[in-house]
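Asks: Each chain is listed here by its residues.
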Amino acid sequence: MFEICAKREVAPNVHELVIRAPAIARKARPGQFAILMVDDKSERVPYTLCDWDREAGTITLVVQEVGQSSRKLVLLKAGDHVAHLAGPLGVPLEIEAFGTVALAAGCYGIGAILNIARAMKAAGNRVLSIVEADSHYLHYYRAELAAVSDELIQTTTDGSQGAKGHSADVIKHKLERGEQLHRVIAVGCPFMMMLTGNATKPFGVKTLAALNPIMLDGTGMCGACRVTVSSQTQFACVDGPYFDAHEIDWAELFDRKAAYSDEEIQAVARTEAVAARQQPQQRRPA
Amino acid sequence: MRLTIDNHTLRGCDGESVLQCALRHNIRVPHLCTHPSLPAFGACRMCVVEIDGMRGFPASCATPAAEGMVVRTDTAALRDLRRSILELILIEHPSACLLCDKQVLCEELRPHAAKAGRTTGCHTCNNKDVCEVRDLARDLHISALPVPPVYRDLPLERSDPFIDRDLNLCILCGRCVRICKAQHGRSTIDFIGRGSHTHIGEAFGRSLTEAGCRFCGSCIDVCPTGSLADRYAKWYGAASRFTATTCILCDAACAVTVHASAQRRAVMAHGINTRVPICVLGRFAIPEFLNGAGRLKAPQVRIGDRLREVAWPQALAAVAERLTPFVGNAFALVCDSTSTLEDRHVFQRFTREVMQSPHYVEIQPDEHGVSRSGLPGGVRAALLTGDFVDLERVQALELLIVQDCYATPASECATVVLPAAVLAEVGGTWVDGESRMRPLRRACDPPGVAKPDWQIVCELAVAMAAAGFAYESAAAVAAEIGVGNAALRIKRADTPLAASDPTNRRTHFRGHCLAEKVGGLRQLPATASSALAAVGG
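For the record, the sequence lines run as chains A and B.
This note's numbering numbers the first residue of the first sequence as 1 and each following residue consecutively.
This note's numbering numbers the first residue of the second sequence as 1001 and each following residue consecutively.
Careful: at least some of the hints might be erroneous.
[Said to hold, decoys possible] According to the in silico footprint, chain B covers these stretches of chain A (three or more CB under 8 Å from chain B):
| # | region |
| --- | --- |
| 1 | 91-97 |
| 2 | 128-140 |
[What the hints assert, rightly or not] From the derived model, a few chain A residues whose C-beta atoms are all more than 10 Å from chain B:
| # | residue |
| --- | --- |
| 3 | Ile4 |
| 4 | Arg8 |
| 5 | Gly220 |
| 6 | Glu272 |
| 7 | Val274 |
[Unchecked claim] Below, a list of computed lysine to aspartate or glutamate pairs in the DMTMM-like style, where the Cα atoms sit at most 25 Å apart:
| # | chain 1 | residue 1 | chain 2 | residue 2 |
| --- | --- | --- | --- | --- |
| 8 | A | Lys257 | B | Glu1108 |
| 9 | B | Lys1102 | A | Glu94 |
| 10 | A | Lys201 | A | Glu176 |
| 11 | B | Lys1517 | A | Asp39 |
| 12 | A | Lys72 | B | Glu1516 |
| 13 | B | Lys1491 | B | Asp1432 |
| 14 | A | Lys72 | B | Glu1108 |
| 15 | A | Lys164 | A | Glu263 |
| 16 | A | Lys72 | A | Glu55 |
| 17 | A | Lys206 | A | Glu263 |
| 18 | B | Lys1297 | B | Glu1321 |
| 19 | A | Lys172 | B | Asp1101 |
| 20 | B | Lys1517 | A | Glu263 |
| 21 | B | Lys1102 | A | Glu176 |
| 22 | A | Lys77 | B | Asp1139 |
| 23 | A | Lys164 | B | Asp1432 |
| 24 | A | Lys164 | B | Asp1139 |
| 25 | B | Lys1517 | A | Glu43 |
| 26 | A | Lys174 | A | Glu144 |
| 27 | B | Lys1517 | A | Glu94 |
| 28 | A | Lys257 | B | Asp1129 |
Note that these hints are calculated values from the structure, not bench results.
Note that CB positions come from ideal geometry on N, CA and C, so glycine has one too.
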């Protein structure tokens, strides 16, 4: 059992959980993830390790409620326990002095790039954190990201904060203006990562995307998380999660992620009312 | 009366609004707070028009059509005005997806909304496929907002049975408040607070249950946004099939429309007559009961000490072989009157002609839907079509065949279990509390290989080499009985008892406790019968 030490809703439907997991915190490296089971009957779900504190023995996850398993997780409170956590899993991200590194992120990815930005900056890179959200009230981690980035650029779909559009638009604009980006790393939904890859491909900028297919064991045994990269079958859990965004078969990834959509809806449909006291604590209006 | 709308001379009806007249003549006027089953309200101002001789821009929904009126519904000034009004609405409604320049590609690659907690845009909205606000924004080509949007940051309300509320999406059109008042005479919900703090809610911060909500679900049916949602149905998106049928969960026999998904699974049901509410069972119980995890999906035959799934021919052959020694008075068939006329006709014929037994037992459920019965003396083999008989008596039988929709303690000790289709999965004729014929129409597929009761018993009779059971359809059985015209009970003067007070709802269907299968019912205030049981009555 792993205790939830702290929990808050950092943006509507986006929850930050700090969980006591000393063994994971001790070994975690940027770009890795952990597989979590809320209870003993629950689905195994991979979540990116957003941050960790080796001394306190805690890890930080950013979780969006988008189905039955994440629903169960975000309904837990500080002091509650999750049944199982396995990690750190996946190949750590290559951290070197590349020059200028652009980190493109959306949704849970905004939390996920926090440790990457810190590590890339420590390695001597110029770090641009380019974060996107639908609207101004969906941005979070502003101060945290600003502290570990050379530049924090926010975009919104509705134009209510920063540039109107997506992080891919910002990257494309920079490249068109002749700015040098030596590496681009995209974390978010496949749609957002695909757009980022499409934006950098004509300029030949190496772009990595953190793939999030349906995953079961996380150790390369079951093959549920297979993805096609450069026409080769790869397992996102042991060969990834980071792959060359220009070589990923995105259409297959979308299809595979939707394979159980009917079952997923049925699972959510059978949920019962949430006791009023169990509701996630409210984010205070800024 | 004659009036002119957009240069067309039209005939108006007495008491009709300008909007109603225009819509009746297929002239599209954007509108939002108006609903066909509600009186005019004039809240949203989307339906503004220009009328000669009238000042400003009157709301066409609240302006009676009059002789000689000259109306314009689509001028540059009106389009600007409507766009501004909708922009104001969208400032308080998560609308980023409507303004996104990647909409087309996004829709193509991820057509289904993510099953989110609080909705923050169309891509996480349960109402995405049928949203009236979204349709209007597209019609009016809204691509930007004049000022940044405001998010109310209200908590997702999901502590009441059956209904989820995300009031961050609410546009305060008041349809829910008005339908509640129109259908029940007294509204459980109302506008609470003032100015920008106005929201829909119950007095004194109570929950829906505490405020005496009747859970008829009509507020959900009229909501133009995703604010009010049926917790069970919300993520299925737009249904692909709509079938008008009769709810047989009680004698009121309300006419309901059952929505089925692309997989032909029942997703939602709602009343057809929007003037009279239906009860919590008709509105919320049907899909959850039909899609329950415990549904019997395949025939099972006891092999050794365990029930094993087999194909239909093997199961029927097993029943035929085992029943043969019990032909005569040792056999009984037990059903209740929630079965269709066709089912009961076939049951009777089978009992009398094939099994040559007088013991056809048809139970009349009590007012709570509970059907219990003993078995006639000397009966050693029985076919039960529901959970009707005490377990002790069942265990004393030499042969037990269960033909039912859910596994029960009785089916666990049966020799053969046959999966039956029920409710909206079957067609046929039903007799309501007023002894009128009501049609049942198949709205969705049964689980697995389950079949309608009449069909199972007919196939069983054929397997036992009986003649005259080769019916083509339920309609062929109906023709043999001479069933007359069955009509849906759409019009009704009175509100069904359980619709005005959910404690009058039935607790059982076909011997099964509904609250065991439908989660929300466990949370509702107790019924009269369970209250009696609690005090040992």
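Asks: All hints, please: hold or fail.
Replies: Now the hints, each set against the structure:
A stretch counts as covered by a chain when three or more of its residues have a beta carbon under 8 Å from one of that chain; for the region 91-97 of chain A and chain B the count is 0, and the coverage is violated. Under a criterion of three residues with beta carbons nearer than 8 Å to beta carbons of chain B, the stated coverage of the region 128-140 of chain A is upheld, 5 such residues being counted. The Cβ of A:Ile4 sits about 17 Å from the closest Cβ of chain B, beyond the 10 Å cut-off, so the non-interface label holds. Listed as outside the interface, A:Arg8 is consistent with that label: its C-beta sits roughly 13 Å from the nearest C-beta of chain B, beyond the 10 Å cut-off.
Distance check for A:Gly220 against chain B: the nearest CB is about 28 Å away, which clears 10 Å, and the non-interface claim stands. Residue placement check: A:Glu272 does not keep its beta carbon more than 10 Å from all beta carbons of chain B (closest about 4 Å). The Cβ of A:Val274 does not lie farther than 10 Å from every Cβ of chain B; its closest approach is about 5 Å, which violates its non-interface assignment. Taking the CA atoms of A:Lys257 and B:Glu1108, the gap is near 15 Å; set against the 25 Å cutoff, the hint holds.
Restraint check: the Cα-Cα separation between B:Lys1102 and A:Glu94 comes to about 31 Å, which exceeds 25 Å; the hinted pair is violated. A distance of roughly 12 Å separates the Cα atoms of A:Lys201 and A:Glu176; the hinted pair therefore holds under the 25 Å criterion. Distance hint between B:Lys1517 and A:Asp39 is fulfilled; the C-alpha atoms sit about 23 Å from each other, no more than 25 Å. For the given pair, A:Lys72 sits about 22 Å from B:Glu1516 by alpha-carbon distance, which is consistent with the 25 Å threshold.
With a C-alpha separation of about 14 Å, the suggested pairing of B:Lys1491 with B:Asp1432 holds against the 25 Å cut-off. The hinted pair formed by A:Lys72 and B:Glu1108 fails the criterion: a straight-line CA distance of about 29 Å is larger than 25 Å. Our distance criterion of 25 Å between C-alpha atoms is broken by A:Lys164 and A:Glu263, whose separation comes to about 36 Å. In summary, the hint linking A:Lys72 to A:Glu55 is not supported, as the alpha carbons are separated by about 29 Å, beyond the 25 Å threshold.
About 37 Å separates the Cα atoms of A:Lys206 and A:Glu263, which puts this hinted pair outside 25 Å; it is violated. Taking the CA atoms of B:Lys1297 and B:Glu1321, the gap is near 23 Å; set against the 25 Å cutoff, the hint holds. For the suggested pair A:Lys172 and B:Asp1101, the alpha carbons sit about 15 Å apart, so the restraint of at most 25 Å is met. As the CA atoms of B:Lys1517 and A:Glu263 are separated by approximately 19 Å, the hinted pair is consistent with the 25 Å bound.
At most 25 Å may separate the alpha-carbon atoms for a hinted pair to count; B:Lys1102 and A:Glu176 meet this at roughly 20 Å. Proximity of A:Lys77 to B:Asp1139 is assessed by CA-CA distance (about 44 Å); at most 25 Å being required, the pair is judged violated. The hinted pair formed by A:Lys164 and B:Asp1432 fails the criterion: a straight-line CA distance of about 60 Å is larger than 25 Å. For the hint linking A:Lys164 to B:Asp1139, the alpha-carbon distance of about 22 Å falls within 25 Å, and the restraint holds.
Of the supplied pair hints, the one linking B:Lys1517 and A:Glu43 holds, its CA atoms being roughly 23 Å apart against a limit of 25 Å. For the suggested pair A:Lys174 and A:Glu144, the alpha carbons sit about 24 Å apart, so the restraint of at most 25 Å is met. At most 25 Å may separate the alpha-carbon atoms for a hinted pair to count; B:Lys1517 and A:Glu94 exceed this at roughly 52 Å. Restraint check for A:Lys257 and B:Asp1129: the C-alpha separation of about 20 Å stays at or below 25 Å, so the hint holds.
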